[in-house]
Every structure is written in C-alpha cells, then in structure tokens.
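In the order they appear, the protein sequences are chains R and W.
Quick note: the first sequence, position 184, residue 184 per our numbering, numbers continuous.
Quick note: the second sequence, position 110, residue 110 per our numbering, numbers continuous.
Hint data in this document are derived by calculation from the structure and do not stem from the laboratory.
Every residue, glycine too, gets a C-beta built ideally from N, C-alpha and C.
Be a bit skeptical, because a hint or two may be false.
[Stated by the list, open to error] Which residues of chain R face chain W? A partial, calculated answer using Cβ under 8 Å: (1) Leu40; (2) Asp128; (3) Gly130; (4) Phe180; (5) Leu212; (6) Glu252; (7) Glu261; (8) Ser279; (9) Val280; (10) Tyr310; (11) Asn312; (12) Tyr353; (13) Leu363; (14) Tyr381; (15) Pro426.
[Said to hold, decoys possible] Only pairs whose alpha carbons sit at most 35 Å apart, straight line, appear in this in silico DSBU-like list of lysine-lysine: (16) R:Lys49 with W:Lys93; (17) R:Lys49 with R:Lys305; (18) R:Lys305 with W:Lys93.
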Amino acid sequence: MNPVRIGNGCGFWGDSVDAPARLAAQGQLDYLTLEYLAELTMSILALQKQRDPQAGYASDFLEVLPTLLPYLPTLRIITNAGGMNPQGCARRVRALLDAAGLTGLRLGVVSGDDLLGQLDRHELRHLDTGEALASVRERVVSANVYLGSGPIVEALQRGAGIVLTGRVADACLTVAPAAFEHHWRWDDWDRLAGGTVAGHLLECGAQVTGGLWLHSEECDLADIGYPIATLAADGSCRISKPPGSGGAVNLETVAEQLLYEVGNPAAYLTPDVTADFTSVQLRQSGPDEVSVSAARGQPAPEMLKVSIAYRNGWAAAGTLVVPGPGATAKARRCGEIVQRRLQRIDALPEVFYVEVIGSGDTLPAGTVPIADPPEVLLRIYARDLHRAKVERFGRELAPLVTSGPPGITGYTSGRPVVREVFAYWPALVPRDAVTPQVEIL
Amino acid sequence: MSRLTVHLSEIAHGRSGDKGNHANVAVIAYTPAGFAWLREHLSSERVRSYFAPLGVSRVERYEAANVLALNFVLRDVLAGGASLSPRSDTQGKAFALALLRMHIDVYPEELQAMRRRL
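This is chain R alone, in the form it adopts within the complex (with noise of 0.2 Å):
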C-alpha cells in the first residue's frame, strides 16, 4: 500500500489565506486538512448562529476554497470549519462547488457534535474542580463534544471528496484519511496512536516546521513552508515540507511541536486512542525531513471529552505609550490614577489589571533584571459583569493624554473596544450517549 500524503495548510481560525493554495500547488498532496476551531472559537461561533441561523461556521473557508478549486476534485479536503452550523457551511460550500461545474464532487458533512439541546441528559461536572454544571447552567452558549475519526472514515467511504466537520479531535483530521486509505481497523493501536502522533504534529500548521522554533532566525520564516505527514500503513510517518519553501524540519521542530499542549505524554488522550508520545522515535531521514515511527497506543478512553462555553461578563482592555525617564514608575502610576478616578465614582470593575510592557511584566517577577526603558506600553485590562462598568473603564483611559504625567501618548485607535467573555468548562461524557451523524450533499 502506498503511503498517503497528507498536508496541513491552517493551524487556527486566523491563520494565512494563502497557505493553503500554496500547499496544494506544491506538496504533491492526496489530502490537504483545514484546523480552525481553537477551544474557545466555538463560542463565539455559537453567538453568530443565534444572531444568523445561516451563520455559525468558519467563513475563512469560503474565502479559501475558490482558491483550491483548480486541484479538486483529486485533491481531498478535510477540514472542521463547519464548527457549529456544519449543515449551513456545507449550504455553502455545496452553491459554490455547483458554480464551478463541480457537481459530482460529493461533501460528507459530519456533525452530532453540538450537545446544546442535551445538556440536562448528563452530568457534565468540570473536569478539574468537579463541580457541577446547574452553577451556570443559565448561561451556557454552546457544548460540543469531541468527535473521533470513525464519521470522517465514514463520509470518505461514501465518496466524500471534501469533508466537512464540526467539532471533532484536532488530530482526527489527519488519522481519519490514513484510517481509510490504509484499512486500519479501530482497535489498531498502534496505528491509531501513530496517526495521531502525525495530525498532533500538522494540526498546528507552520508550528512543525519552523514557526516557535526556539532557533527560528536560522530559517526563513517569510516563507515558510506548511507541514505534510507522509503516512505508511504501518502508522509511521515522514513529516516534511514542500521543495524549495521557507521554515524548516529537524529533530528541534518536531520535539518541541510534540509536547506543544501536552499533559501527560505517555497517555495522550483522544476519541480514537491512547496514544504514548514518549514511545515515539525520530530521525532525521534527510533535509527538512523527519521521520517518525514506532508509536504505541492503548485502547480509546471510554468517555468523550465536551468543551462547553458559558457567557462570563465582560472586558475590555487599552493601551497607552509611555516614554521615559522613569517609564515604567511613570506607567504604574498612571494605572493608579485610573483605579483612584473609578473608584471615586464607584465603577472600579472586578478584574482591574495593569500590564506594563516593556518592564518584564510578561515573565515571572524577577527573571530578567530591568534597566530604565526609553519607553513601556502601558495595558490595563478590566472585566466586570455588568457591561456598564467596562464601558466606563473604557472613557478613562484617554483623559490620561491631558491629566497624567508629561509625554503620554499613542491613543490613536480609540476607547477600547468592549467585548463579551466566555469561560470554558471542561466536562466528560460517556461515548455511548454520542450519536455522530453523516449526510451526504
């Protein structure tokens, strides 16, 4: 069985437009994936579709697609920008593979994620304190469920030339292809877990192949490369990037985009596997290529992972440029002084926090000794419950420009913009109580 080629051109809901016709044009790929849900875009997803039931998906994706169109339909696309209106992005999409004559290609559309109408059927305790939902259950926005690879299997076994998916496991998006191409059975572990360790190493797009890496300067980022996987049937893999383009991939990039968002590396959970990181071997098979093999795996875990939002208050936050000497007393001050003018009125917000760029406030107190700094960037930040109160923080910013100390400036974007926030709640469900749903458009 031949390997299957799979790139990665999107590791986030914001990430590059351009990358993924570039990956396309030069990877030589079977599958191209598309990552754009982060933990917390589905809120703010699921605030879209309660405003716009035809809204509610990653519409990045839209904007993509037609640049994709002269590779389809041997080019395979896989991607979660359904997030949580799948039926509706796949409406979408469906209109404009018609308009450009493609209308044999076949969409899987997968969905069962979204647990918003079944909250009351589960416990959903949070996964770190243990306590229980009905706390704010009240305002929770949305609740979806991390599917596995089993649906995206499915939908390609119809003939899905492109999936599209809602909330499933970041990783998935890239075991699901190799899954069908190489006829891996669901209790195949080791393969499972090898799958895994590919997409976990592509989900982040350019994170592999030099974007972070701690000696970035010694490659050309402008123009960086996007990860591909070269998947045998074995579950062993080469990950690489496309001839003659930016970035790199060695031993550093792959170890460190390994453990990027890794607990516990010897049990790396997901719907599919337990896969052991800490089993894996690298090598470095030849220039900006690594391979990776003999991972291991352990049966799937029995309960699924549900990331759920809850509506928490809101926030904004300003900036201010201040110039020294003396910048960074200079900058305290000032966030003293707005605390001080709020708390005359009675509108000090509950979360009131001064950030003085420039001073070390980024790292732990301490770690790098501070000269005088020809200029900080001073940020504060307020949420509150009540929008009211964060809208009045916003008006006290730019009095500072006439009423604070010599030299202020930068206020050039504003009052600070408010936004609503959401808080994650982390929860488990039994798989069994999980129906994923596959259509076919």
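Fit chain W to the supplied structure of chain R, relying on the hints for placement.
The following block gives chain W in isolation, referenced to the frame of chain R:
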C-alpha cells in the same frame, strides 16, 4: 574547578502552551548529558517556585526520554485561562522562553557535553 552560571537555554530548548487554566512547558535537552542534568536538577519544585509570582498552584513533571525532554504542567498559572486572563500572554506562550532564562550552575567540562551541536 569552580562552576559557571549560565542560562538554561545553553543546554535546552523548549516550547509552551495552554490547556484551560493550566500551561505546559516542555524543556528539551540538546544532548543525553543535558537530559541527565535536567532530570537531576530541574525538579518540579524548582519550576514551581520560579513561576510562583504568576500564581501557579502546583507543578507536575513528566519525562519523554525519547526526545530528551521534561514536560512540566503548571496548574492554575494562567489567571483564568485563554478567555478570562487579564494578561497579554493569555496562553502562557512566553513561559518556555522565561524558563530558559533561568540561571543554572554547571561545571565547564559538564557544559561542553550539554551544549547544542550543529
């Protein structure tokens, strides 16, 4: 021979990210000798006290010897996590660089065996 004070980045690279209100920091040695040094000296308590100013409650340390790495999970260190954190660095993306600036004391001949090789 007396020991030298250098940054942790002389012997290791790394990356950090978030999981809810927790962060993970992977510290990856350049050589097996460096990994042995990390295992002996970079305890979870040492990492916890380093990040104490950011409110970390406890630190778990995992080993991934296959890539010469220690993976630290820093509990409750993100002031509420991605959506709620009042900080610029809502996801702990800067934490690996912060930890790699830690000062460590090593013997010169020891350092030679732990440095990055090109």
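Evaluated hints:
| no. | hint | in the structure |
| --- | --- | --- |
| 1 | Leu40 | holds (5 Å) |
| 2 | Asp128 | holds (7 Å) |
| 3 | Gly130 | violated (14 Å) |
| 4 | Phe180 | violated (28 Å) |
| 5 | Leu212 | holds (6 Å) |
| 6 | Glu252 | holds (6 Å) |
| 7 | Glu261 | holds (4 Å) |
| 8 | Ser279 | holds (7 Å) |
| 9 | Val280 | holds (6 Å) |
| 10 | Tyr310 | violated (10 Å) |
| 11 | Asn312 | holds (7 Å) |
| 12 | Tyr353 | holds (3 Å) |
| 13 | Leu363 | holds (5 Å) |
| 14 | Tyr381 | holds (4 Å) |
| 15 | Pro426 | holds (6 Å) |
| 16 | R:Lys49 with W:Lys93 | holds (31 Å) |
| 17 | R:Lys49 with R:Lys305 | holds (23 Å) |
| 18 | R:Lys305 with W:Lys93 | holds (24 Å) |
Hint compliance for this structure: hints 3, 4 and 10 are broken, all remaining hints hold.
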